[in-house]
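Number of protein chains: 2
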Amino acid sequence: MLLPLLPSYELMMRFSLFRSFVLLSSLFLALFLSACASPQLRGTGDLGLVIERASGSVILVDTSKRAPYAHIEGLGDLSHASAVYSRDGRYAYIFGRDGGLTKIDLLEARIVKRVMQAGNSIGGSISQDGRIVVAQNYTPGGIKAFDAETLDLLSEVPAEYAPGKFSKVVGLADLSGNRFGYALFDGGEIWVSDFSDPKHPKTQRYPAGMQPYDGLVTPDGRYYLAGLFGEDGVSLLDSWLPEQGTRKILDRYGRGEEKLPVFKMPHLRGWSVAQGRAYLPAVGRHEVLVVDMDTWKEVGRIKVKGQPVFAMARPGGRQVWVNFAFPDNSWVQVIDTLSGKIVKTMEPGKAILHMEFTPRGENVWISARDDNKVLIYDTATFSGIGEFAAKSPSGIFFTTRANRIGF
Amino acid sequence: MLLPLLPSYELMMRFSLFRSFVLLSSLFLALFLSACASPQLRGTGDLGLVIERASGSVILVDTSKRAPYAHIEGLGDLSHASAVYSRDGRYAYIFGRDGGLTKIDLLEARIVKRVMQAGNSIGGSISQDGRIVVAQNYTPGGIKAFDAETLDLLSEVPAEYAPGKFSKVVGLADLSGNRFGYALFDGGEIWVSDFSDPKHPKTQRYPAGMQPYDGLVTPDGRYYLAGLFGEDGVSLLDSWLPEQGTRKILDRYGRGEEKLPVFKMPHLRGWSVAQGRAYLPAVGRHEVLVVDMDTWKEVGRIKVKGQPVFAMARPGGRQVWVNFAFPDNSWVQVIDTLSGKIVKTMEPGKAILHMEFTPRGENVWISARDDNKVLIYDTATFSGIGEFAAKSPSGIFFTTRANRIGF
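Line by line, the protein sequences give chains C and U.
Numbering follows UniProt numbering, in which position 254 of the first sequence is assigned residue number 254; successive positions increment by one, without gaps.
Numbering follows UniProt numbering, in which position 148 of the second sequence is assigned residue number 148; successive positions increment by one, without gaps.
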């Protein structure tokens, strides 16, 4: 069929405009869907992440669905990585072994910013007000403070314990008043830096003993404890009464006279506080020590299956879950703090590296590195209630940490 | 200028199509903006709400910005209202005096669902796994369990303590294992209901004493305590060893032989635990009682300005903040738990009804009902750092409560 020229031209124009309209509409729709649908509007209180230590990646997880929901790559060397959270629970700050500090957005599932802040780093912390992220470094020895929003460097405290001598820094944890406590492995000291004026931190120094190898702050933010490697014992600082200085407690803590082989140093951050008692993984020995927190005296030892690495209290403190160093690292044991007895011994998988409880303690998530799995257990029945694949999973960190003191 | 007919028609068509295009594009843009911009993608860890008791409304607040961001109306009688949160921190469940249970979305700032579940209600709680919301009711006396997702009724436990006799229920709080503890004012008992099977709860009954008027669960979820109105003392149940039953403690707690006038009963939910000690508002007396939690014996009394209503520990437990009944209800006092002394006495405003700490305790938010204001203080310096208008504000509830046991 033939059509006169002009109407044909008109139709062509109409078609062209229609096509533009369809194209542009599609564009809007795509924009609409990408902006609205993919970063889903949701609460962040039940989110978290799992470190994939060998591949520089993290899995984002939902503890209500008990499942992963996203994967982020490009975080560098995560072989000894840890994470803290912004106070709104949306952002995680991940400290890599290579000195990389990466801020990720849990809602948009992407890296927001990444800075290489040191040559060799083993963790960090976030201030009480959530505005300052601090990394602890081996090389160069010291701590560095960053703006939590921008990751701009605010200030640093070099761990220069004697003129020209710098120490590895370990055991960094936040204290009240935007202060941080940490220990100097080479310097044998505990330092407390106050970042109330973030660009001009003020530091107090306290003697600790030989080679503090890790530290922790009690859940109330009061006591800073540093475990000693070079001698038996633990150094204690009461951060509410810092003028009293440090004192040494638990002189039977440590390897003792026999100098047992130590396959892996325990993580003090896992020290558990339950019912006024602290549960400490012994160094080298197959024991968990029980310490009365009023007197800081040892009041018991619980025999366990191997050299404990983490001893972690379930929220509320009724149970303490323990994992172990090689060759017993496929096992997990559960201590009932009421009876002081092991109530469960289980073998969840190969190379159990870490455990994290859901905020109110009903579940525990366990990483089995050499099974490439994360396993989820009901803490009341000890039954497995879920699992998912992860490449060499290590640390598991839930957003609830944002609300806690001493992380 | 004149144009030939057909080109003119063509132009008209083009214009009409163009107009359609613009209109539709605008529509998409509006849709895009309304769907994406207004419910902002954000974390929920630093959100909360303030009850406006006289107007049936709530103000949604952001504790990082220290400011309100939305207002929701239509929640009924909020004269004695409280709130709990979903485990993701996105939804609040608000229990109104009139028996209304309202689920609100903090991100979309709207009511998701509202049910009238009883005639007269005074609060509620949420289960450890976050799936069951339970309301406690005066009329009809008992508790009702709802699906946290849909607010569908799952089951109910009428507080029938003797054939045909129903009690007012008070002091409802969650325990581990999806259990709830509560007290029967008229029945003189403490009940523990296990909702592991949500449609078929199992209830255990324990004698409590005369007229328990409120209750609380210690922060570790272990002890349920009910304050007695009809006699001096507190009834205690160890929920880890419920087979041991209840026992009476603190026989000097209460009005005593003098039968002092009581202007307002203290809120037990505010009982503070700090450093192994509980701080209790005395009934009638101008005192806060200090109780050792190992022995449950009274170990001290601290004189305060008036009849205490709430005694609330700052996270970490270094401070306990106290407000008072009329005529001293414009005052707030702060106890330093280390020295046992009042370290601050201040008069923030008229009719101080409630206080809520930010998750790690750096700030406290205070409602001054008769000044129609919420005030924000720095807990280290006691300086005012913010305020905003609110109509007769009472309870302040932050999303951190989602992660806590015993609320």
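Rather than coming from a laboratory, the hints here were simulated on the basis of the structure.
You may find that some hints are simply not true.
Below 27 Å or equal to it, Euclidean Cα-Cα: the simulated DSS-like pairs (lysine-lysine) are [said to hold, decoys possible]:
#, chain 1, residue 1, chain 2, residue 2
1, U, 303, U, 248
2, C, 113, U, 65
3, C, 350, C, 305
4, U, 103, C, 65
5, C, 199, U, 65
6, U, 344, U, 264
7, U, 391, U, 350
8, U, 113, U, 103
9, C, 248, C, 264
10, C, 65, C, 264
11, U, 297, C, 297
12, U, 113, C, 65
13, C, 305, C, 199
14, C, 103, U, 65
15, U, 305, U, 264
16, C, 303, C, 341
17, U, 103, U, 297
18, U, 350, U, 297
19, U, 373, U, 305
20, C, 248, C, 199
21, U, 248, C, 65
The structure presented is a predicted model; accordingly, all values stated were derived computationally and were not measured.
Do the hints match the structure? See the list:
{"no.": "1", "hint": "303(U) / 248(U)", "result": "holds, 24 Å"}
{"no.": "2", "hint": "113(C) / 65(U)", "result": "holds, 22 Å"}
{"no.": "3", "hint": "350(C) / 305(C)", "result": "holds, 15 Å"}
{"no.": "4", "hint": "103(U) / 65(C)", "result": "holds, 21 Å"}
{"no.": "5", "hint": "199(C) / 65(U)", "result": "holds, 22 Å"}
{"no.": "6", "hint": "344(U) / 264(U)", "result": "holds, 23 Å"}
{"no.": "7", "hint": "391(U) / 350(U)", "result": "holds, 13 Å"}
{"no.": "8", "hint": "113(U) / 103(U)", "result": "holds, 5 Å"}
{"no.": "9", "hint": "248(C) / 264(C)", "result": "holds, 23 Å"}
{"no.": "10", "hint": "65(C) / 264(C)", "result": "violated, 34 Å"}
{"no.": "11", "hint": "297(U) / 297(C)", "result": "holds, 23 Å"}
{"no.": "12", "hint": "113(U) / 65(C)", "result": "holds, 22 Å"}
{"no.": "13", "hint": "305(C) / 199(C)", "result": "violated, 48 Å"}
{"no.": "14", "hint": "103(C) / 65(U)", "result": "holds, 21 Å"}
{"no.": "15", "hint": "305(U) / 264(U)", "result": "holds, 15 Å"}
{"no.": "16", "hint": "303(C) / 341(C)", "result": "holds, 9 Å"}
{"no.": "17", "hint": "103(U) / 297(U)", "result": "violated, 41 Å"}
{"no.": "18", "hint": "350(U) / 297(U)", "result": "violated, 35 Å"}
{"no.": "19", "hint": "373(U) / 305(U)", "result": "holds, 22 Å"}
{"no.": "20", "hint": "248(C) / 199(C)", "result": "violated, 33 Å"}
{"no.": "21", "hint": "248(U) / 65(C)", "result": "violated, 42 Å"}
Hint check: violations occur at hints 10, 13, 17, 18, 20 and 21; the rest are consistent with the structure.
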